[in-house]
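What follows is each chain in one-letter form.
Protein chains: 2
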Amino acid sequence: MGFSDDLARAVQQKRSPLVVGIDPRWDQLPEALREGGDGLAERAAAFREFSLGVIGAVEPHAAAIKPQVAFFEELGPHGMTALGDVIAAARAAGLPVIVDGKRNDIGSTAEAYARGWLGRGSAWGGDALTVSPYLGDDSLDPFVEVATDRGAGLFVLVKTSNPGGALWQDRVADGQTLYQSIGAHVQSLAVASLDECGYGAVGAVVGATYPRQLAELRELMPHVWFLIPGYGSQGGTAADVAAGFAADGLGAVVNSSRGVIFAYQRSEYVDRAASGHWTDCVAAAAADAVADLRRHTPAGRL
Amino acid sequence: MGFSDDLARAVQQKRSPLVVGIDPRWDQLPEALREGGDGLAERAAAFREFSLGVIGAVEPHAAAIKPQVAFFEELGPHGMTALGDVIAAARAAGLPVIVDGKRNDIGSTAEAYARGWLGRGSAWGGDALTVSPYLGDDSLDPFVEVATDRGAGLFVLVKTSNPGGALWQDRVADGQTLYQSIGAHVQSLAVASLDECGYGAVGAVVGATYPRQLAELRELMPHVWFLIPGYGSQGGTAADVAAGFAADGLGAVVNSSRGVIFAYQRSEYVDRAASGHWTDCVAAAAADAVADLRRHTPAGRL
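Chains A and B supply the protein sequences, listed in that same order. 0 is the number of the first residue of the first sequence in numbering that gives the first Met the number 0; add one for each residue after it. 0 is the number of the first residue of the second sequence in numbering that gives the first Met the number 0; add one for each residue after it.
Simulated from the structure, these hints should not be mistaken for lab results.
Here's a subset of chain A near chain B, in silico, CB distances under 8 Å, partners left out:
{"hint": "1", "residue": "L39"}
{"hint": "2", "residue": "A69"}
{"hint": "3", "residue": "L74"}
{"hint": "4", "residue": "N103"}
{"hint": "5", "residue": "R114"}
{"hint": "6", "residue": "W123"}
{"hint": "7", "residue": "D137"}
{"hint": "8", "residue": "G163"}
{"hint": "9", "residue": "L166"}
Glycine is no exception: its CB is placed at the ideal position from the N, C-alpha and C atoms.
Construct all of the structure, not just a fragment, from the sequences and the given hints.
Written as structure tokens, this is what we have:
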């Protein structure tokens, strides 16, 4: 059993396609966590505490978590040490960890990234990693080999959620957009790494902000897990992401970061949180996101 | 004065377009450095010692160094701590540091990567960073803003050195390959960030293994520094990279990693090293690479 089956099981057991993105930002942390000072070491300690609080709060609701490496990396070695603790804590809580690193390189360098994040006895211990395809199909192979060898997963950037993503991803050659060509390649990698759930170890990142393309890619890539960013704060709605799911409610997980992890900044959650503790707001926002996704997408059939 | 001028000055002062890639690989380290054991902490300590030895040996010959993040990242937080030390040591030795991370993301996440590696008071303190363009032009903007604000630089992947790079980079739409479209965009970013030397803060990665495209891109991108990988171990020769230079010998820096840093594995260098110490072999290989590049490229006019 590999990552694909693990993800399917988590989605089915929790009846939730929600991935919570762990994107700590110093200025938005609860005040109590910022009292230790704002040097790199202190910020990293606060990021760690914040992330562990989020993990505890969302564990009943989220199918997986997705730490964003950039925010930890910004803090230097202290931040990376905190990230290691966050990944370990999520796994100890039984949550699959999708490392959002958008890594990419060629040959043995790609292999080093893959081994570090996903390999047997890997230093970081992630369950899946986001990767960028610009360097070509042979740059993806080392990631696929290392990931499938350990039963880990990948999500290849196909159609991203930002407005400028279209500039190069939508270029048409031989009647196909670039994202369609890459999508077709990802489908072939998924077919070659199928788990029992019917999806492969190699997934795709497809943004919530392009609902038409989401539907088109769902058809082109029937064996591919979609990781869908752009729901919530970036403007994508549950109706927008509906087309990313297969009819049985599987095939897609939907990321929400700011909308969940900073819920204590919104009065609707502060008013509802009995204890007044920030983690209660985060838990309530995660539960709301799951209910929203169940109501408006095939995830309701889970 | 920004990164572009710093690089031009380093190239002119040393009459060298050589960038030495710091890509430590455990199995290839000198035996003396592997005696401390092979746990993650011990490997990271060995990578640090090895890299510092390389920096000392190549400092008279190299215009810049390029640590490959992947090999340090593979070792987890210990590796990242070692990388921080390596960057600091290179800067202390007066060598510009091109961080080879091929990072990419959108919006404030891209900004976090840029701030961490390149920003004012950045945790890592790099001088330039390699970035991947798949996410679109707006994904490059935060990197450009942060870099130019501090006088740091970028190298955007345009035409990579691996065989599979052609699959998507060479797709033709509206009469232009994808790499030409991205190259033209990079040229516009360079023009908007020109230093006194006539080149901008935004450079391009163009592989040595495609000499024809190197010549074509040199014409398309007259204000862009090229960082050329693929010379040496990957099969590119000094003659192959010649077309990447402007007539005055500027405009390109050429990376060599394995061919220089593991020179102590080649009998030609072991026989020549008077002391028998591995760093003497590394220094001799760096000097040879510079001589080769001077002989066969416009760098000889420096």
